[in-house]
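*Asks:* Letter by letter, the chains look like this.
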Amino acid sequence: MSEFFHQYFDFTVMGDHFSEVLEGFFKNLLLFAVVVLLALLWGLILALIRQLPGKKFAPLRFLTIAYIDVLRAIPILIILLLISGGIPYLEFIPKDIRIPHWFGQPDPFWYSVLGLTMVYGAYMAEVYRAGIEAVPGGQFEAARSLGMSYGKAMRHVVVPQAVTKIPAPMLNEMISLLKDTTLASVVALGEAVLVSREILAESFNSSAVILAGAMFLVITLPAARLVDVLIKRNQAKVTRGAHIEVG
Amino acid sequence: MAEPMIRLEGIHKRFGALEVLKGVDLHVAKGEVVCILGPSGSGKSTFLRCVNLLEPPEQGDIYIEGNDICKGPGSGSGEQSWKLDFVRQRVGIVFQQFNLFPHKTALQNVTLAQEKVLGRSSQEARAKATELLERVGLGDKLGQYPERLSGGQQQRVAIARALAMDPHVMLFDEVTSALDPELVKEVLDTMRELAAEGMTMIVVTHELGFAREVADRVIFMDGGVIVEEGPPADVLENPREERTKQFLGLVLGTS
Amino acid sequence: MRKTRLTAIFAVLLLALASVAVAGCGGGGDSTSSGGGGGETSSESGGGEPLSVGSDIPYPPFEQGKPGNYTGFDIELMEAIAEKMGREAEFQDTSFETIFRDVAQGKFEAVISAATITEEREQAVDFSNPYYLSEQAVLVKEGSDIKTLKDLDGKTVAAQQGTTGLELAKEELGGSEIRPYPEGPDAVNALKAGTVEGVIIDAPVAQNAVEKSGGVEIAEKVPTEETYGIAVAQGETELLEEINKALKEVEQEGTYKTIYEKWFHLEPPKEIESETHEAE
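Line by line, the protein sequences are chains E, F and G. Add 43 to the 1-based position in the first sequence for my numbering, that's all there is to it. Add 34 to the 1-based position in the second sequence for my numbering, that's all there is to it. Add 3 to the 1-based position in the third sequence for my numbering, that's all there is to it.
Treat the hints with caution; some may be incorrect.
Simulated crosslink set (BS3-like; lysine-lysine; CA at most 27 Å straight-line) [what the hints assert, rightly or not]:
1) Lys117(F) <-> Lys105(F)
2) Lys138(E) <-> Lys158(G)
3) Lys98(E) <-> Lys117(F)
4) Lys279(F) <-> Lys195(E)
5) Lys195(E) <-> Lys138(F)
6) Lys99(E) <-> Lys195(E)
None of these hints come from the bench; they were simulated from the model.
Same shape as in the complex, but just chain E (with noise of 0.2 Å):
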């Protein structure tokens, strides 16, 4: 038992090594930074697109449909690993974009912010669905009949409901992202558990993977408690009772 103690919770090896360890996390959280914002961004665009009503638009909507499953399905390794080892072959893209090395972040950084903005984007659109499609039916019709066009219907009357039922969902995803950042140690990204198992490798101690896993817990649960306490007050609002629901 206490062998076990030794190999995970040995503090000298955390203390020695707490700085790399700390450095490759705030990799993850650079990582995260910089993926939520475009994944945000990426994820409406695909929402609105999808929302799109009309037969001229079905193709759209299809693609879009098509494109938000897929990148569901298929698991995020698989997507980063295609990323990184297929990319630097597409010849016909100039180098400095093949292989970036942009703001004085690596290839496997861009290959990740890629990868993980595809998936969750994808993942966010479907929070925005959900949200924009909880706002009853009758708003939207409401609107149009005013002289709304579509689009000031969804910017005036639907979106800004939709908005309301998304922040719970959304910190869901988000979390599941900072989580996800890791998934980067495999493209070779020197993040949090890229870099305590290279410590494992060398001091054959996993001290360093506990501490990893703690700086992600101290950011992750009261993150999970904030959205136990979002989803609580907007259901309170919701039963608080705005108008008459009557068949």
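Assemble the complex: chain E is given as a structure, and chains F and G must be docked to it using the hints.
*Replies:* For chains F and G alone, coordinates are given in the frame of chain E:
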């Protein structure tokens, strides 16, 4: 004979395989109040929603003040084949579920479309909104959000909201069916005043008393067609058709 | 009526899942006896107790292949050694960075995985006599103008996590961006893709990459005089003695030479056959 305010001819509407409107005609003169009655599933609400193109008909013609609303062949299907803006600027509608915008105050509900669709200045819109809300008896509720208002109050705001667009015709889709009984009167009173002021109205309702007192014409629909129409005294007191008699019998609780 | 049908579907699904699970556990998993190399059909060695051996597969030409069908220099050598011990080698694929800790904890009895004998590692395990003399190589893309290790200074370099190659890179190339990949072949792939400019990896593995995958060449060999050993848990003196004895026999009877020539197309250096190693 003066051109009717609204002319609908040969309206057909289907939802998938189900044909809901099987050829309905209606002329409504300026200032006329027409009440449409019928059992659920008769198509009366669908028909009303055809008038403002919330449910674009597959077949049929619509004329508003003599103008053909159909855009003509080759202009697409569904809403795109109709002159949507033209219709929506002249036809207002009030819904059974009120559909007030919960994230806006009563005043803002009435000013929003004025500003965004008609391009009125915020002062202009506010002045008009205040006037209308006072007219429906809610002058003291301008800053309230819909969740603070009773059903009857919300519905009156909805009426003011539709009126703010200066419609030529007002449609009412069972606007009191979702209200508690004691709140129905205030809404019907508002509608009564509107009729007295000369507004052209098409009202789908179950309120036979209202129909009897206020309507110029009563229409009974069943199974996607108009079964009987005429002055309220005729249709309600001495219905000719068997189906009308049955329906009224059920509603009035007589055999 | 509907309820019974649902339960029936449920039962079938559950049954299907259970059978898949059973098949997965019983059939192969990770630990299998290797099919051996060359013409041998089944590994009917001395029979006897299986010898569990951990190895990070793939790492050609030392270990490669699929579960049930592993092959390579290490694999064949270990099979020969096990036979001499009157046992049958069973290989388990393990990630390299935990492999020493794993054998120390008893997950398997021995490790053969192109593992260099180092002081640090000896803090956790005991090594057999060396069975291979190695060095590092600088692998670059064919036609690259990188000719020496130092040429890689300031450039992006890849190596495998937990290897002496990675250590060498960290020591000598302070100014470079060093990327640790989980598997050796991943590092080579990164080189071919062009995302890194050089790979520091065991020379025989580099040579194998040059021959088998093409498009890459060895710029420089860095003689590090490292030797590979078979690792066992500390204190397993008896086991270690048996392994050393068996290794000696394999060398003396010429089997070692045969296996060596098969995988490296070279004669084994004389030194290796006489080197011994004292467990510390």
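*Asks:* Could you grab the alpha-carbon distance between lysine 98(E) and lysine 117(F) and see if it respects the 27 Å cut-off?
*Replies:* Roughly 17 Å between the alpha carbons, so the hint for lysine 98(E) and lysine 117(F) holds.
*Asks:* Within a Cα-Cα threshold of 27 Å, do lysine 195(E) and lysine 138(F) meet the stated pairing?
*Replies:* Roughly 15 Å between the alpha carbons, so the hint for lysine 195(E) and lysine 138(F) holds.
*Asks:* Do the alpha carbons of lysine 99(E) and lysine 195(E) lie within 27 Å of each other, as the hint requires?
*Replies:* Between lysine 99(E) and lysine 195(E) the Cα gap is close to 19 Å, so the pair holds against 27 Å.
*Asks:* Checking one constraint from the list: CA of lysine 279(F) to CA of lysine 195(E), max 27 Å. Satisfied?
*Replies:* Roughly 46 Å separates the two Cα atoms, so the pair is violated.
*Asks:* Decide if the proposed pair is consistent with the structure: lysine 138(E) and lysine 158(G), CA atoms, cutoff 27 Å inclusive.
*Replies:* 16 Å, holds
*Asks:* Regarding the pair lysine 117(F) and lysine 105(F), is the alpha-carbon distance no greater than 27 Å?
*Replies:* Roughly 6 Å between the alpha carbons, so the hint for lysine 117(F) and lysine 105(F) holds.
Hint violations for this structure: number 4 only, all remaining hints satisfied.
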